[in-house]
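Participant: Sequences are here, hints too, so could you generate the full structure?
If you read the protein sequences in the order shown, they are chains H and Y.
Residue numbers for the first sequence, in my numbering: 41 to 414.
Residue numbers for the second sequence, in my numbering: 41 to 414.
Fair warning: there could be bad hints in the mix.
[Stated by the list, open to error] Quick list of simulated restraints, FRET-style, between CB atoms:
| hint | chain 1 | residue 1 | chain 2 | residue 2 | range |
| --- | --- | --- | --- | --- | --- |
| 1 | Y | Gly373 | H | Ala200 | 17 to 23 Å |
| 2 | H | Glu123 | Y | Lys301 | 50 to 56 Å |
| 3 | H | Gly124 | Y | Glu402 | 53 to 59 Å |
| 4 | H | Ala74 | Y | Glu402 | 50 to 56 Å |
| 5 | Y | Ala146 | H | Ile97 | 29 to 35 Å |
| 6 | Y | Asp168 | H | Ala80 | 43 to 49 Å |
| 7 | H | Met51 | Y | Ala206 | 32 to 38 Å |
Hints in this document: simulated from the structure, not taken from any laboratory.
Virtual Cβ for every residue (Gly too), placed ideally from N, Cα, C.
Here are the chains, one letter per residue:
Number of protein chains: 2
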Amino acid sequence: MPHRPPAEIGMPLAEVDTPALIIDLDAFDRNLRALPQKVAAHGVKLRPHSKTHKSPIIALKQMALGAVGVCCQKVSEAEALVEGGVRDILIANEVVGAAKLRRLAALARHATLGVCIDDAGNLAELEDAAIDFDARIKVLVEIDVGAGRCGVAPGKPALALAQAVAGSKHLSFDGLQAYQGSAQHVRNHDERRQAIERAVEMARDTKAMIEAAGIACPRITGAGTGSFAFEAASAVYTELQCGSYIFMDADYNRNLDASGKAAPEFEQSLFVWTTVMSRPSAERAIVDAGLKALSVDSGMPVVTDFPDAEFVRASDEHGKLAVKRQTEGLDVGDKIRLTPGHCDPTVNLYDWYVGVRRQRVECIWPVAARGALT
Amino acid sequence: MPHRPPAEIGMPLAEVDTPALIIDLDAFDRNLRALPQKVAAHGVKLRPHSKTHKSPIIALKQMALGAVGVCCQKVSEAEALVEGGVRDILIANEVVGAAKLRRLAALARHATLGVCIDDAGNLAELEDAAIDFDARIKVLVEIDVGAGRCGVAPGKPALALAQAVAGSKHLSFDGLQAYQGSAQHVRNHDERRQAIERAVEMARDTKAMIEAAGIACPRITGAGTGSFAFEAASAVYTELQCGSYIFMDADYNRNLDASGKAAPEFEQSLFVWTTVMSRPSAERAIVDAGLKALSVDSGMPVVTDFPDAEFVRASDEHGKLAVKRQTEGLDVGDKIRLTPGHCDPTVNLYDWYVGVRRQRVECIWPVAARGALT
Chain H
41 MPHRPPAEIG MPLAEVDTPA LIIDLDAFDR NLRALPQKVA AHGVKLRPHS KTHKSPIIAL
101 KQMALGAVGV CCQKVSEAEA LVEGGVRDIL IANEVVGAAK LRRLAALARH ATLGVCIDDA
161 GNLAELEDAA IDFDARIKVL VEIDVGAGRC GVAPGKPALA LAQAVAGSKH LSFDGLQAYQ
221 GSAQHVRNHD ERRQAIERAV EMARDTKAMI EAAGIACPRI TGAGTGSFAF EAASAVYTEL
281 QCGSYIFMDA DYNRNLDASG KAAPEFEQSL FVWTTVMSRP SAERAIVDAG LKALSVDSGM
341 PVVTDFPDAE FVRASDEHGK LAVKRQTEGL DVGDKIRLTP GHCDPTVNLY DWYVGVRRQR
401 VECIWPVAAR GALT
Chain Y
41 MPHRPPAEIG MPLAEVDTPA LIIDLDAFDR NLRALPQKVA AHGVKLRPHS KTHKSPIIAL
101 KQMALGAVGV CCQKVSEAEA LVEGGVRDIL IANEVVGAAK LRRLAALARH ATLGVCIDDA
161 GNLAELEDAA IDFDARIKVL VEIDVGAGRC GVAPGKPALA LAQAVAGSKH LSFDGLQAYQ
221 GSAQHVRNHD ERRQAIERAV EMARDTKAMI EAAGIACPRI TGAGTGSFAF EAASAVYTEL
281 QCGSYIFMDA DYNRNLDASG KAAPEFEQSL FVWTTVMSRP SAERAIVDAG LKALSVDSGM
341 PVVTDFPDAE FVRASDEHGK LAVKRQTEGL DVGDKIRLTP GHCDPTVNLY DWYVGVRRQR
401 VECIWPVAAR GALT
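Facilitator: Rendered as structure tokens:
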């Protein structure tokens, strides 16, 4: 069973129980609108990644502002999105194993679904499942454009898979997934740009090779919050998958712009609300948010409103702050905001979003695909 | 809503969907029995920490083997335990804020509850809540015995709080919490022993000071899986809080014994079951378990059955293995076991345990207090 929400609609933020996952709705709304505006001139489509938010409510808000659909990573996430009313989903990932492929094919009877492949055996199993459910599934061949994770090499290996898909009745070859994940958090602007330039070149050449073989390659999909401006302007990518832009996090906030400044293109709208639960000394404050309330894989959270306090260590249910200077507002019982180091896995720790506007709770949304692992 | 379990009772392990949280039930049963046997000679009580497993089913198994009750960290965990039939719980942590204290006092009408304090203002609020619900609550004063987290200093500050508790009608002073958390993962055996010797001394002296003031101090509680042998033999600690011993993890397995060997006292019984989802090259395999299936705060998981493969990087939904030598069993679609770096926050990512004996699913248990944050 999910736990009870830590808040009620209309409650002042100060009364929201902790730890809680807070959305600053004004900043969130501005982020939602900003991405479409930033890329409008390029005529590129938006398909935001829902692995960030895991919420069909938020996915439908993105689509209401022009997104053609959303991405997700798992079949179980796609199931939660369809259940919540989303009807165009790309699983921007490989789906492996008969059990998952059955669920994918069955779901494709109820929504437009796409999926990535990088293996001929997996493709054959995908086709079997599609035939079994008489389903139509869009297939993207994933190419490795420098991230060193999944995907075949650009060029001939991608062409071979595209040809195999093109011969199928139930599967349609829709193009290439060319996501350069490892470029997203490269701090230096020029290095980030150069990594994407190399990805663009690989995607362009592979697309040309596939088209030369007589197979249409209408979609090149990729990009993230750290790099989307480059893909948008590339004239090669047709679809952007940015996800984190709606929330941001401490790690993305550290990326530098062309002038060498940390000047994020979006606002921080996601916070963890936490209580000071112990104040053993002037130099130490303990908060009630630790490893089970914050993902620390990309570094510790930032103590949002207290520059003189540093979050130095997380244990399971405790966060330890080093307080460098006498500071009001950090007494036992005081509640403060933390900016998570990495938003996606932090969101996955919560059952509920608490949406706040002008210090008052305006909405409580389930993190519907929280824990959607399979 | 929790997600569907990734398995069915009676299913072969090979068919269990991934990622899944697997308990090797034979090893788990041996761990359950081993701890009581190891400390039987010392006459010390066991109160295992349920923050590891978050399951009343497992808590009741521990109590059936002699544990006097369990610990937890949060009121919401205590609520899930009481709902599952557990009737003696120590919240081995401070509970701060009126909303949580109301829930704690209300729950104390339905089970024997204890809680820690380290602040006079918090104690006054706790007493107000207990009076409001006419509840009886056991109170332990937490002293900082070297962990540098919560707790007052040993000696006079602890005595002052004990005296304040002793004057209350609804609260009973039950003793000291003296948990040396930072000693648990000190690799070297002698250093670990010395850290606990210092903790023992502080607990002994503080207890003597409280008793000299005419207040009984029957309980000294603490210890973890890394140090329990020292506290058990101390003749000062009366109750041990070990939790991880039932599952173990890669981090605890690295602690050294007196001869300098990594020779864990318990068996690894918890695994993440994962599928090889991409095999882009001979040197790289990608599995479907990343940051949302594994906590990496204490290091990457170990690739349990493949010494030639190393888990080198986790992204949200992918794990990257470096494969050092040609290895069978790591093809696309193959399922393998990972040993989590840190069991507690890994368990918290799952809705279900899949209990396996002789390669067959024997039980599916909910992680009842998964996400119990408040």
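Participant: Next step is simple, just say for each hint if it's right about the structure.
Facilitator: Structure-based check of each hint:
At about 19 Å, the beta-carbon gap between Y:Gly373 and H:Ala200 stays in the expected band of 17 to 23 Å. In this structure the supplied range 50 to 56 Å holds for H:Glu123 paired with Y:Lys301, their Cβ-Cβ distance being about 52 Å. The hinted range of 53 to 59 Å is not satisfied by H:Gly124 and Y:Glu402, whose Cβ atoms lie roughly 35 Å apart. For H:Ala74 and Y:Glu402, the Cβ-Cβ distance of about 52 Å falls inside the hinted range of 50 to 56 Å, so the restraint holds.
At about 32 Å, the beta-carbon gap between Y:Ala146 and H:Ile97 stays in the expected band of 29 to 35 Å. Between Y:Asp168 and H:Ala80 the CB atoms are about 57 Å apart, so this pair departs from the stated range of 43 to 49 Å. Checked against the hint of 32 to 38 Å, the C-beta distance between H:Met51 and Y:Ala206 comes to roughly 37 Å, which is consistent with it.
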